[in-house]
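Peer 1: Please model the entire structure based on the sequences and the hints provided.
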Amino acid sequence: MESEALPLKLAAILYADVVEYSRLTGEDEQGTHHRLSKYLDLISTDVGRHNGRVVHYAGDAVLADFGAVADALICAAAIQRELSLRNEDVTEERKLRFRIGVNLGDVIEDRGDIYGDGVNVAARLEGLAEPGGICISESVHTAVGHKLPFDYEFMGEQEVKNIAKPVRAYHARLQPDAELPVIQRAPALRQQPRRVSKPAVFGLSVLLLAFVTGFALLYWTPKQPSQEADSLEGAAYPLPDRPSIAVMPFANLSGNPDQDYFVDGFTNAIITNLSKFRDLFVIASNSVFVYKDKAKRVNDFARELGVEYVLEGSIQRSGDTLSVHAQLIEATTESHIWAEQYDGPADQIFQVQSDLIRRIVSSLVTKVLSVEAEATLEKDVTTLPVYDLILRARAVSSRKRDYKEAIRLLSRAVEIDPNSADAHAMLGFFHVNQWRHRRADDPDEALRLARLHVHKALELDQSSSRAHFVLGSLYLFDARDHELALAEFERANSLNPNHANRMAWMSLLKSFMGQSEEAVDWIENAKRLNPFYPAWYDWNSSFAYFMARDYEKAVVAAKQTLAVYKNSISARRILAATYVEMGRLEDAKKVAAQILEIKPTFTLSKVRNTPFQHEADLERYYGALRKSGLPE
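According to our numbering, the sequence shown is numbered sequentially starting from 1.
DSS-like cross-link-like pairs, simulated, lysine-lysine; straight-line CA separation at most 27 Å:
id, residue 1, residue 2
1, K606, K559
2, K559, K627
3, K590, K627
4, K9, K165
5, K566, K590
6, K553, K606
7, K294, K147
8, K566, K589
9, K606, K589
10, K559, K599
11, K566, K627
12, K599, K627
13, K589, K627
14, K566, K404
15, K292, K147
16, K589, K599
17, K553, K627
Estimated spans, in silico, between C-beta atoms of each pair:
id, residue 1, residue 2, range
18, N567, D478, 20 to 28 Å
19, K553, E632, 27 to 35 Å
20, L384, L85, 46 to 54 Å
21, E179, N567, 42 to 50 Å
22, D110, E179, 32 to 40 Å
23, Y152, G31, 32 to 40 Å
24, Q259, D444, 32 to 40 Å
25, S318, A487, 43 to 51 Å
26, D300, M582, 38 to 46 Å
27, Q259, M582, 48 to 56 Å
28, E415, Q158, 38 to 46 Å
Rather than coming from a laboratory, the hints here were simulated on the basis of the structure. These figures come from a predicted structure and were not determined experimentally. For glycine and all other residues, C-beta sits at the position ideal for the given N, C-alpha and C.
Peer 2: Below, the structure written as structure tokens:
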């Protein structure tokens, strides 16, 4: 019988070897070995200083491993810098130079040594490096991104000995006059969670699903006691009582900014799918995209967002082919839990996703998910062109607020695939917005189309969280049926329990229904999930606090709204009404005067259309505004 497979671990591997060692020893064996011994001591010291471990020496070669890939690359640069200084007083033909290869990959650990392709690739990268230089793999390049002061030169796909697939390699050069980051000494190593075996990756979306599986199983596997607290020192927020994760914006390695929408759309897809798992705490996309293209350490992201785990990665798109890399990192130690790579055609990913969602969810259902979990996963777009149009619509609506262009793109999507529930739901959403905010050329037609598309979306997919949300909005603002609106909002939130924006909308609905304490809870929970929330959250907060009679907080939130929306009449209405309720009548009159200055034709008749459920709440709000001096 074959013995049981040895466990794998993910490691950053550094492999260093001397250039032309045979020639040097042939010319001066004693002198070369004497200098080599000193240099190896220097390398060993640097490895330890950078939280690494020398695994073994093989003549003139050194093999070391690290828990964090940034430590390995910084260590390699420190070694080359110090060796260069040591060689300054040595003649050119006697200089002892090292090549260094750095890789991030799975290794087998047995009796203190490491083996496997992760090591073999590092050794082959060393052979590709320049004398005195560093060569890194694609996985290392993706992991460090722009966080370190290096310039990278892509060397293409390299065919190397005993490695089945070509290796994508880069020269890594420390930028001129750059200071190497100071590495903090790692605390005593905590017991790592048991690694989860992963099946072979068959498609791009398997990457997402493998992450969901790996992250969930990682957290629910019993942990050994740790000497280090499960928290981040100086975190901006207390850690939730659920496993918490931030999916950082994937890097666009295509060299074409026009592909940003596609890469951002992939990031959003991961966040959207993870958000449906109520046992996870997932930071909203608004907050993670604040960090796009910013160089920071993983534990800085995690500390500012208040999470334990970070997922980061990159996408390179060329025509209809994709190369995707992603890695899950534990923030407290910056250690890699796993990394995954996918290369292949983009147009085959959707069927793979549909099949594997069912398979993975069924395997997790008894561990962390409810019986309804499979229903919470939205149906997928079936063709790449439709998916591309949906991502373009999302990008143009979020960046340029061009809803008309978004509607045009989505209308094209439903022409190509009339059975795309996601495209219909998004069309309903944008038509509702155009109707509510009086931006539509024909408001009645916009309302008709909103109803048409939302009902079509739900006909195609009853589990569409977005469609239930849009239908709830129609019940609230069109039909004025609060109970039906609540039922749809609750359904939307049950299908996607981590969606911060829909929590904020639930707060607004609860305010209109006079359920002020619940309204405050909903908006505060939304802000925790979305720490860098948009300014309209503050408007919802001010309204919820006004309804709850927490007037000091209502004033603060209204002023925060006005700091962004400087001419907002609706924020000033809440501020004026709040001042009246506080007895600050002169302040209320000043705010009312500002409203009339911004819009001289303003009257309180429009306030009568505010969808309060209870007449008493409307009269309280309306009466306060009348006392502020606003005309009826």
